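K.L.:
Below, each chain spelled out in residue letters.
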Amino acid sequence: MMFNPVDIILSFVLLSVLFSFGTDRVLILIKLLGFQGVVISIIPFFIGHDMSTGGTVFTLATLVIRGFIIPLSIFVAIRKGAIRRVVEPIVGYHASILCGLAVIIGATYISGRLDFGSVSGFKLLEPTAIALLVTGMFLLMARRNAIAMVIGYIMMENGIYLVGSGLSVGTRHIVEFGILLDVLAGVMIMAVILRNIKQTFDDVDTALLRTLKD
Amino acid sequence: MVEIVFLTPFITGLVAFFLPKIIGRFLLVLTGAAHLTLSFMLWRDQPQAIFDQYFAVTPEGMLSLLVISLLFFLISIYTVGFLKESQIKSEGLFTGAMLVFLATMTMVTLSDHIMVMWIAIEATTLASAPLINTHRSTASLEATWKYVLICSVGIAMALLGSVLVAFSMGQANVGTPISFSALAGVAKTLDPVWLKAGFVFILVGYGTKMGLAPMHTWLPDAHSEAPSPASALLSGVLLNCAFLGIFKTNKIMVAAGLEDFSGGILMVFGLLSILAAATFILKQNEYKRMLAYSSIENMGIIAFGTGVGGLGVYGAVICMLHHSLIKSSLFLSSGNILLGYGDRLIKNTGNLVNGMPRTFVAFFAGFIGIAGFPPFGLFIGELCIIVAAFKAGFHLAVTVFILSLCVIFAGFANQIMKISFEECNTVIKIQEKASMVWPQYLLLLTSLVLCFFIPDSLNQTISDAVTAIGGGLR
Chain A
1 MMFNPVDIIL SFVLLSVLFS FGTDRVLILI KLLGFQGVVI SIIPFFIGHD MSTGGTVFTL
61 ATLVIRGFII PLSIFVAIRK GAIRRVVEPI VGYHASILCG LAVIIGATYI SGRLDFGSVS
121 GFKLLEPTAI ALLVTGMFLL MARRNAIAMV IGYIMMENGI YLVGSGLSVG TRHIVEFGIL
181 LDVLAGVMIM AVILRNIKQT FDDVDTALLR TLKD
Chain B
215 MVEIVFLTPF ITGLVAFFLP KIIGRFLLVL TGAAHLTLSF MLWRDQPQAI FDQYFAVTPE
275 GMLSLLVISL LFFLISIYTV GFLKESQIKS EGLFTGAMLV FLATMTMVTL SDHIMVMWIA
335 IEATTLASAP LINTHRSTAS LEATWKYVLI CSVGIAMALL GSVLVAFSMG QANVGTPISF
395 SALAGVAKTL DPVWLKAGFV FILVGYGTKM GLAPMHTWLP DAHSEAPSPA SALLSGVLLN
455 CAFLGIFKTN KIMVAAGLED FSGGILMVFG LLSILAAATF ILKQNEYKRM LAYSSIENMG
515 IIAFGTGVGG LGVYGAVICM LHHSLIKSSL FLSSGNILLG YGDRLIKNTG NLVNGMPRTF
575 VAFFAGFIGI AGFPPFGLFI GELCIIVAAF KAGFHLAVTV FILSLCVIFA GFANQIMKIS
635 FEECNTVIKI QEKASMVWPQ YLLLLTSLVL CFFIPDSLNQ TISDAVTAIG GGLR
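Line by line, the protein sequences are chains A and B. Residue numbering for the first sequence follows my numbering, beginning at 1 and increasing consecutively. Residue numbering for the second sequence follows my numbering, beginning at 215 and increasing consecutively.
No lab work stands behind these hints: they were computed from the structure. Be careful, since some hints might not be right.
[What the hints assert, rightly or not] No farther apart than 25 Å at their CA atoms in a straight line, the calculated lysine to any residue pairs in the SDA-like style are these:
#, chain 1, residue 1, chain 2, residue 2
1, A, LYS198, B, LEU307
2, B, LYS643, B, ALA411
3, B, LYS643, B, VAL294
4, A, LYS123, B, ALA411
Keep in mind it's a predicted model, so treat the numbers as computed, not measured.
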C-alpha cells in the first residue's frame, strides 16, 4: 500500500480535528486553526495542476492569510480584550471527543459512499474536508464562548475550501482570492465585534447575548 | 461599462468615511442620483460587461437593480432629514457603509458567475454590519453579532452549494465557465444528483440571508436595531438580492428539468416562513419587529410563488417589486414614529393620526398595501400566486397559505389601529419635515401607478425574467 505526503499531512489534520473537540482552551484552538490553514493551503501544490507563476503567488498568499493572518487577528482580539480563555462547553469535553470520533468515522464512511470521482487520488482528502466542516458546525453549536464560535466558522470555511480544491472545480485564482478576501474581512469584522462584546459585557459568553427575542 | 455602476458607489463610499458630516450627506444623495441615472442607462443600452465571464446584464438582475437604485435614491433623501434629527456618533461610518452597501448589492444584481455572486452576497453582509451597530447599544451589538455570525455561516453553506453545482459539471463540461447563463445552457448534461445537492445547500444558504424560516432568527433583531433608513434598505432590497441567488440557481434547475424537485422545496420553505410570521406577528409588541416579521411573510410568499411555477412566478416577481416599494416606505415611516415618540414599543405610541398626520397617511397607506389590498400591487401578485397554486392542484398548501395571510392581516391590523388611533399623551418630539414624508409618498405612489400601468419596456423585462424559469401570464 502506497502512502503519499498529502495523506500523511491530512492525517495530522484529522488528529487536530479530534484535538479541537477535546480542548478547553481558546488559545489551543487558534493554534490548531493556523495549522489546518497552512496544511489545506499547500494541498494545491501536490494536486499536480500545472502551477503557473500566478498560481504559485495566489497559493502562497492563501497560505499566509489562512495560516497566519486569520488566526493572528483573532489572537490580537483576545490579547487586547484579555478575554477569558476557556471555551464554556454546552456539551462536555469527554462527550465532545466521542462526537469527534463519530464525526471522523462518519466522514470516512460518507465519502466512501459518495462517488466524488476525485481527480486527486488522495484517500483522506474528502474525509478531512467533511470532518472539518462538521467540526466547525459542532463548535458553533456546542460552545457558548463567542471566540470558539468564530473559530468554528473559520473551520467550516476551511473545510469548504478543501472540498473545492480537492474536487478541482477549476475556478480561477482571482475568484478564489475574492472568496478568501471576503472571509478575511468577515473574520476581521467578527474580531471587532468580539472586542466590543468584551468591552460591553466584560465577557464573551453568548448566554449574555439573549435579550432580543419574541 | 457595466462595472461602473457598482464601482461608483464603492469609491464614493470609501471617500465618505473620511468626509465631514454635511459633505457626506450631500455625497449620499448625489451618488444616489448618479446611480439611478447609470442604472437607467444600463437598462436602456444593455451593454456587454468588460469582464464578461463574471458580470452580465440579465432581466431578473436588471429588475432588482432598478428597484435598488430607485429605493436608494429616495431613502438617501430621507436619510439627510433623519440624520439631522437623530444623534448618530460616527456619521462618516454610517454614510460610507450605506454607499458601500449599495455597491455590493449592485454587484449582486450584475454578477453572472456563480462564485462572484457568492462573493457579492457575503460582501453585503459585511458592508451592512456597521449599519446595524450604529447606535452602539448592547441590544444593537447583540443584533450585529447574530446577523454577522448567522448570515456568514448560512452563506458558507451557499458556498458549499456553489462548489457542488460546479462539481455537477463533471468531465463533460470542462471548458464551460461556471456562470449561471452558461450552466443553464448546458443544464441537461449536468449530473442531477450533485445539482440537487447544490441547490439544497444554496437554498439553505441564501435562504438564511433572505429570511426564510427556520433560518430567519437574525432578521427581526437586525431590522429593529438598525436605524430606519438602514432597515428600509435591508428589508426592501437586501432580501431581494439573496432571493436573486436562489432565483438564478432555480433557473438552472428548471433548464435541467428538475423543477418539481426545486419547486417543492421552495414551497415548503415559503409556507414555513408564512406560518412563522403568522405565529409571531400576533403577539408582537414592537412595531419595527412587526414590520420585520411581515418581511419574512412576504419572502415566504415570493418563495412559494416561485415554487408553484407558471403564473406563480409572475406573481412572485410582482410581489418582490411591490414589497420593496411598500415595505421600505413603512420602515421610513416607522423611523418618523420612533423619532416622534422616542419608543419602539407599540403600547407607548398612539394617536398617530393627530400627532403626526403626514406620517400617518404614509404609514396607513403602506399598511393597506402590505396587507395585500387593492389598489396596491401586492394584491395582484398574491392573486396570481393563489390562482396558479389552485390551477396546479396544490389545494392543501394554498389553503394554509390563505389562512395564514388572514391571521397575519388580523394581527397586523390590530397593532396598526393601536398605533394610529388609541389614546396617547406623549408629546411629539419632532416636526414632520417634507424630506421625511415625501420619499414615502413617492414610493407608495410608484407602487400605485405600477399596479394600473406598467410601461411596455418594464413589462418586457419582467416577462423575460419569468419565462426563463417557466413562468408567464398563462
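K.L.:
Against this structure, judge whether each hint is valid.
P.N.:
Evaluated hints:
The straight-line distance between the Cα atoms of A:LYS198 and B:LEU307 is roughly 22 Å, inside the 25 Å bound, and the hint therefore holds. Restraint check: the Cα-Cα separation between B:LYS643 and B:ALA411 comes to about 54 Å, which exceeds 25 Å; the hinted pair is violated. For the proposed pair B:LYS643 and B:VAL294, the alpha carbon gap of about 18 Å is at most 25 Å, so the pair holds. Only pairs whose Cα atoms come within 25 Å are accepted, and A:LYS123 paired with B:ALA411 is accepted, the gap being roughly 22 Å.
Checked against the numbered hints above, the structure breaks only hint 2 and satisfies the rest.
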